[in-house]
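The sequence shown runs 1 to 189 under my numbering.
Calculated directly from the structure, the hints in this document are not laboratory data.
Check the hints yourself; a few may be wrong.
Cut-off 20 Å, straight-line C-alpha distance, at most; resulting in silico cross-link-like pairs (DMTMM-like, lysine to aspartate or glutamate) [as the list claims (entries may be wrong)]:
hint: 1; residue 1: 120; residue 2: 94
hint: 2; residue 1: 170; residue 2: 117
hint: 3; residue 1: 161; residue 2: 121
hint: 4; residue 1: 93; residue 2: 115
hint: 5; residue 1: 161; residue 2: 115
hint: 6; residue 1: 171; residue 2: 102
hint: 7; residue 1: 34; residue 2: 117
hint: 8; residue 1: 120; residue 2: 102
hint: 9; residue 1: 119; residue 2: 153
hint: 10; residue 1: 93; residue 2: 69
hint: 11; residue 1: 120; residue 2: 96
hint: 12; residue 1: 120; residue 2: 153
hint: 13; residue 1: 80; residue 2: 69
hint: 14; residue 1: 171; residue 2: 117
hint: 15; residue 1: 131; residue 2: 88
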Amino acid sequence: MPHTFHPQHAKHLDSIFRRMFLPPLKILNTIGLKSNDIFLDIGAGTGFFAIPASQLLVYGKVMATDTQEEMLRLLSHKIKEKNINNIEIILSKENDPSVPKESATVAFMSFVLHEVENKKEMLSNIHKALKRGGKIAIIEFSTYALFGPPKQERISPQALKKLLEETGFKKITVTKLTMFTYMAVALKQ
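Please build the complete structure, drawing on both the sequences and the hints.
In structure tokens, the structure reads:
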């Protein structure tokens, strides 16, 4: 069973180092997030991407899902503290983002897919959650990164591309984000 990020380490998710290493607004702009998108943040944790996305989504909203109630409690506290009203918090199930079919225009996972036991089932459920023309963006550690999840749990760009193809995604692109990370983007047609 894959290792899951523990809520007791949540403070690391919001560290200055992580913001420099993985600037949320820059990444959200790279994937082409538009002001009216419905952004499905799977494994949203403490809102590292969900909160910046909510600022960009003037006419849209964020559906922030996570399987860990403690992470969602931390996110809920931040949302109230910052008076954000366009983030919906959803307790999801393993291998399923737990949102209605065709409810999102953009699905997003950052360092989450390697934690999912049945990756194909999860990607298939995300495909169902996306509207036609919607996109998915997945950030993962490279297989040779000096830090991150255990090496045996990492997903190579080639393996991720194959999983996306097998679950119905098209026009798949994989780009290197940093020396240790990459991002795959694909469409539901």
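Margin query: Please verify whether residue 120 and residue 96 have alpha carbons no more than 20 Å apart.
Written below: holds, 11 Å
Notebook entry, point to check: Would the pair residue 119 and residue 153 pass a check requiring their Cα atoms to be no farther apart than 20 Å?
Noted result: holds, 11 Å
Next item on the list: Compare the distance between the alpha carbons of residue 171 and residue 117 with 20 Å, and conclude whether the hinted pair is satisfied.
Entry: Judged against 20 Å, a Cα distance of about 25 Å means the pair is violated.
Notebook entry, point to check: Between residue 93 and residue 69, is the straight-line Cα distance small enough, at 20 Å or below?
Noted result: With a Cα-Cα distance of about 11 Å, the restraint between residue 93 and residue 69 holds, given a limit of 20 Å.
Item checked: Straight-line alpha-carbon gap residue 161 to residue 121, limit 20 Å -> holds, 15 Å
Margin query: For residue 171 and residue 102, compute the direct alpha-carbon distance and say whether it is at most 20 Å.
Written below: Distance ~19 Å between residue 171 and residue 102 Cα, so the pair holds.
Next item on the list: For the pair supplied as a hint, residue 80 and residue 69, confirm whether the alpha-carbon distance does not exceed 20 Å.
Entry: This hinted pair holds, its Cα atoms lying about 16 Å apart.
Next item on the list: Assess, step by step, whether the Cα of residue 161 is no farther than 20 Å from the Cα of residue 115, and give holds or violated.
Entry: holds, 17 Å
Check: Regarding the pair residue 93 and residue 115, is the alpha-carbon distance no greater than 20 Å?
Finding: With a Cα-Cα distance of about 13 Å, the restraint between residue 93 and residue 115 holds, given a limit of 20 Å.
Next item on the list: Please work out if residue 170 and residue 117 have their alpha carbons no farther apart than 20 Å.
Entry: violated, 23 Å
Next item on the list: Take a quick look at whether residue 120 and residue 94 sit within 20 Å of each other, Cα to Cα.
Entry: Judged against 20 Å, a Cα distance of about 12 Å means the pair holds.
Next item on the list: Mind checking the alpha carbons of residue 34 and residue 117 for me, to see if they're no more than 20 Å apart?
Entry: Outside the cut-off at roughly 31 Å; violated.
This entry does not satisfy hints 2, 7, 14, going by the numbered hints stated previously.
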